[in-house]
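Residue numbers (my numbering), protein chains in the order written: chain U, 869 to 1029; chain X, 869 to 1029; chain D, 869 to 1029; chain V, 869 to 1029; chain Z, 869 to 1029; chain W, 869 to 1029.
In short, the hints are calculated from the structure, not lab data.
Watch out, some of these pointers could steer you wrong.
Given that identical chains are not distinguished, each listed pair holds provided it fits within a single copy or across any two copies.
[Claimed, not checked] Simulated crosslink set (BS3-like; lysine-lysine; CA at most 30 Å straight-line):
#1 Lys-1017 <-> Lys-889
#2 Lys-1001 <-> Lys-919
#3 Lys-1017 <-> Lys-997
#4 Lys-1017 <-> Lys-916
#5 Lys-974 <-> Lys-1017
#6 Lys-916 <-> Lys-997
#7 Lys-919 <-> Lys-997
#8 Lys-1001 <-> Lys-1017
#9 Lys-889 <-> Lys-974
#10 Lys-916 <-> Lys-1001
#11 Lys-889 <-> Lys-997
#12 Lys-974 <-> Lys-1001
#13 Lys-916 <-> Lys-889
Here are the chains, one letter per residue:
Protein chains: 6
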Amino acid sequence: MSELTHLDEQGRTRMVDVGEKAPTHRRAVAAATLVVGEAIARAVREGKTPKGNVFEAARLAGIAAAKRTWELIPLCHQLPLDWVQVDFALEADRIHIRAEAKAFAKTGVEMEALTAATVAGLTLYDMLKALGKGMVLENLGLLEKEGGKSGLWRREESHAG
Amino acid sequence: MSELTHLDEQGRTRMVDVGEKAPTHRRAVAAATLVVGEAIARAVREGKTPKGNVFEAARLAGIAAAKRTWELIPLCHQLPLDWVQVDFALEADRIHIRAEAKAFAKTGVEMEALTAATVAGLTLYDMLKALGKGMVLENLGLLEKEGGKSGLWRREESHAG
Amino acid sequence: MSELTHLDEQGRTRMVDVGEKAPTHRRAVAAATLVVGEAIARAVREGKTPKGNVFEAARLAGIAAAKRTWELIPLCHQLPLDWVQVDFALEADRIHIRAEAKAFAKTGVEMEALTAATVAGLTLYDMLKALGKGMVLENLGLLEKEGGKSGLWRREESHAG
Amino acid sequence: MSELTHLDEQGRTRMVDVGEKAPTHRRAVAAATLVVGEAIARAVREGKTPKGNVFEAARLAGIAAAKRTWELIPLCHQLPLDWVQVDFALEADRIHIRAEAKAFAKTGVEMEALTAATVAGLTLYDMLKALGKGMVLENLGLLEKEGGKSGLWRREESHAG
Amino acid sequence: MSELTHLDEQGRTRMVDVGEKAPTHRRAVAAATLVVGEAIARAVREGKTPKGNVFEAARLAGIAAAKRTWELIPLCHQLPLDWVQVDFALEADRIHIRAEAKAFAKTGVEMEALTAATVAGLTLYDMLKALGKGMVLENLGLLEKEGGKSGLWRREESHAG
Amino acid sequence: MSELTHLDEQGRTRMVDVGEKAPTHRRAVAAATLVVGEAIARAVREGKTPKGNVFEAARLAGIAAAKRTWELIPLCHQLPLDWVQVDFALEADRIHIRAEAKAFAKTGVEMEALTAATVAGLTLYDMLKALGKGMVLENLGLLEKEGGKSGLWRREESHAG
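One chain only, chain U, in its complex shape (with noise of 0.2 Å):
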């Protein structure tokens, strides 16, 4: 087939091609911000949220989701995590999150890390909603990123403070 014009050439999506590359340790840290109110953030320092723990089930979510980071984004590969975590940070009215992962694999895991971010961030939305719709994920991006030939990254300003 490769004689055949082919009409959908131009722009078409294409996956980066991997198989020359050698796995390498890569590391990445991806942050975002739930912006609740002070409303929200004393009912969560306090346990009163209607849906129980908010901390553990946003965590589990956002590992799990990392795992699945090749199913979402439909250009990504499938990469074998050594290791995820995500943590969370309480301040007067928003929540911080920050999310690393970790693989021995031929191109980076920015997109597990901010996968795990963004879905911790939503069920902590979900666990949060009857308390108020008007949260906003804010500031969501890439940290550092660490492996591979461009080695380490590191994002300038602090934009996680």
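Let chain U serve as the given structure and place chains X, D, V, Z and W on it in line with the hints.
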């Protein structure tokens, strides 16, 4: 086993029982903004993106993810979605994402709309990350929600710019 | 965001909105033929296949896949299937596959029947490929469709023979 | 294809056709006991478990698995669950697991309750296996079933005590 | 975010980091017994089961579930299984289930073998429950485990008999 | 349990044990043709298709399905794909589909390439079925296979033409 003391009663996560609720028409709109910077926005406008058509991939990923919300968010119910749509608007340095979901269901579709917007945003990130890793997803939240007892809800300020 | 010009309006993929449709009884029948050649057909008939009972594996894979059609086909709705069946008929050099699906739903079950027939065919291929890689799946299509506004549809010629 | 002789008729697996059944309120309760021994039970009581809070992880895993029962059990129908709950009771050398599921559906939710109890038990095993691999899950079965034609069913003896 | 106090430190669930571990050949065997009673055992022996061949369905369901262990058990790593097998032995009033899994991996395959045995057992239950709902799964546990630092482990008493 | 007679030995399905195999570079190419008729082919060429850009949706669906082959085909191993590509060529009355998959793995990627081609074809069907239900997928088969002990295999005749 009803006579057993539940060691884990305190704070345990719990699903909302919707057994007594009647289904109604539900609708929800969510939005987010991926801040990509001017150089990447220009590449998108000119179709010079390394993995191909970013909007179609992100749209399809968002729709697919909305249908799988119940797999990602631990306490979400399985909802049969009637419709999901994901749209994009490109500005000088950012891409706005808008996702809408509808269902005839016993519970709202906020999480489905939010999941569609989020996974669309992550897919854009994945399609563009070879051009720069500093992109940040901002202002992910609910814009509108309709159906069920609580009727119509709209976010007051315009976050979606 | 309704005031934004949608850069991607042209040609964008879109799900059919079934919100206003009422569910009706739906039924669809799909068929395909796996041309395996006489030697492989004989091995099947004599139960000398290297991975065991090919029909049970293919049948179960087809049923399981039908239930997951909405995960595989991007714009398909999630349908609660009432019934799926997959049957086989062995001829001298080929295996006929017939799949039927039923649901009480707002949209048809063609894709579910087609998915069942296809994945059943791929599973047969997988179970038999150690005996020869030149097998070809032919004539995969819809035979009948019932329910909804359009009523009964039947393929005119007999493709399944 | 109805005229073809079905080689595989004998013993072939088949899904129950629920097309003519009307949905009713369904409920099922399942239970199991993980025999862990006194040392592990003590570690659980004192919160000294190497992977963290075992009950929240097991509960969420059980709820998530119940929603995916139709993916795991080949001939199960896709049921929209109204509610799933998983509870635990710790005794001197064992953990009792109780799972309850509800749906408004054409078929019962026994498998959903059993799947929730089972996967909760496997998750406990996974969270505790660094402390000893000899744990055994006992007495996994249905306690109650309600709804549909057959009405209320209760297991006679108390296995869950 | 490393400077933030982690509100949720205490008891939080955590995945084991296998980044520094080298893969070795892993093997695990799990077993369980489904007590079905004499009448159901006789129906199985005579092939008079309402949903067809129970062993093939249960075997395939067990194999498929083993491959999805990491989706079901929150803190399990994604393991590329080299082999999974599920076998059955029918006695006068019970069905013994034995599942074996192998992988070349950084962590053991106990959970994969246990998941295969369990889902095989649940599938048997589902295929037979029209004949009686009082069936109970007993003695689900690990029989053997091989590979990794800890070497060979065998359950002392014979629980599977 | 090794002493038990295996009632189900005869014909039971079995996975190939790849534990002793070393990974090699694997490649496979599959193809299929969707016969759509001239009217539908014209609508595709002119971009007048009711659900939008059929090629991008079908391509992404095919890539996503290839990554999930092990979930669909019961006895397939989980393979970490290095690359998947799906291409289309439109003729007067038909659409040719070509899918290629690559992996560094212990077993071949035929099923992954075939699954990509098939699900791409089913997605085209779904996107076009409002224009006519008589479309038929023909000539789905393997074109090439490379890697592993058996080396290069090529289908003799040109079926994809």
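Here's how the hints hold up against the structure:
1. Lys-1017 <-> Lys-889: both (10 Å within a copy, 23 Å between copies)
2. Lys-1001 <-> Lys-919: Intra 15 Å, inter 33 Å, cutoff 30 Å: intra-copy only.
3. Lys-1017 <-> Lys-997: between (42 Å within a copy, 15 Å between copies)
4. Lys-1017 <-> Lys-916: Between copies, since 23 Å is at most 30 Å while 47 Å is not.
5. Lys-974 <-> Lys-1017: Cα proximity of Lys-974 and Lys-1017: in one copy and across copies (10 Å, 24 Å).
6. Lys-916 <-> Lys-997: Answer is within: at 13 Å inside a copy they meet the 30 Å cutoff, but 33 Å across does not.
7. Lys-919 <-> Lys-997: Answer is both: 10 Å inside a copy and 29 Å across each meet the 30 Å cutoff.
8. Lys-1001 <-> Lys-1017: So Lys-1001 and Lys-1017 pass the 30 Å test across copies only (15 Å; inside, 43 Å).
9. Lys-889 <-> Lys-974: The answer is both: 6 Å in one copy and 17 Å across copies each meet 30 Å.
10. Lys-916 <-> Lys-1001: Within one copy only: 17 Å inside a chain, 37 Å across chains, cut-off 30 Å.
11. Lys-889 <-> Lys-997: between (44 Å within a copy, 18 Å between copies)
12. Lys-974 <-> Lys-1001: between (40 Å within a copy, 18 Å between copies)
13. Lys-916 <-> Lys-889: between (50 Å within a copy, 24 Å between copies)
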